[in-house]
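Asker: Sequence:
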Amino acid sequence: MKRKDYIDLKGKTIKELIKMASDKKTESVKKKMQILGGKEKNLKVYRNLRAEIAKILTLIREKEILEKVQPKEVETKK
Numbered sequence: 001m002k003r004k005d006y007i008d009l010k011g012k013t014i015k016e017l018i019k020m021a022s023d024k025k026t027e028s029v030k031k032k033m034q035i036l037g038g039k040e041k042n043l044k045v046y047r048n049l050r051a052e053i054a055k056i057l058t059l060i061r062e063k064e065i066l067e068k069v070q071p072k073e074v075e076t077k078k
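Under the working numbering, the sequence shown has 31 at position 31, and the numbering climbs by one with no breaks.
Keep in mind that the hints are not guaranteed to be accurate.
In silico EDC-like cross-links for lysine to aspartate or glutamate, where the CA-CA straight-line distance does not exceed 20 Å [as the list claims (entries may be wrong)]:
no. : residue 1 : residue 2
1   : K2        : E27
2   : K19       : E52
3   : K2        : D23
4   : K2        : E16
Don't read these hints as lab results, they were simulated from the structure. What you are looking at is a predicted structure, and each value in this text was computed from that prediction instead of being measured.
Just need the whole structure built from these sequences, with the hints factored in.
Answerer: Below is the structure:
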C-alpha cells in the first residue's frame with residue numbers, strides 16, 4: 001500500500017473500512033491457498049495483504065477512539 005492510498009483510506013468512514021478489511025481478509029485466504037497449492041509463485045503477495053489489513057484495522061481503531069474522545073471535549077467546552 002502506497003502512502004497516497006493510506007491517505008485516501010483516512011478519508012473513509014468506519015463502515016467502509018470494515019467492509020474493505022473483510023474483503024482483504026477473504027482475498028488473503030484465497031492467496032494463501034493458492035500459495036500452498038503451488039499456483040501462486042509470488043510469496044510476498046500474502047505478506048503485503050496482511051500488512052494492508054493491519055493498516056486498515058489500525059485506522060478503524062483510531063477512528064473509534066477519536067469518536068469517543070471528541071464528544072467529551074465538546075461537552076466540556078459548553
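Asker: Confirm or reject each hint.
Answerer: Hints and how they fare:
The suggested pairing of K2 with E27 holds, with an alpha-carbon distance near 19 Å, which does not exceed 20 Å. Simply put, K19 and E52 have alpha-carbon atoms about 13 Å apart, close enough for the 20 Å limit, and the pair holds. Distance restraint check for K2 and D23: the Cα-Cα separation of roughly 18 Å lies within the 20 Å cut-off, and the hinted pair is therefore satisfied. This hinted pair checks out: K2 and E16 have alpha carbons roughly 19 Å apart, not beyond 20 Å.
Hint violations for this structure: none, all hints satisfied.
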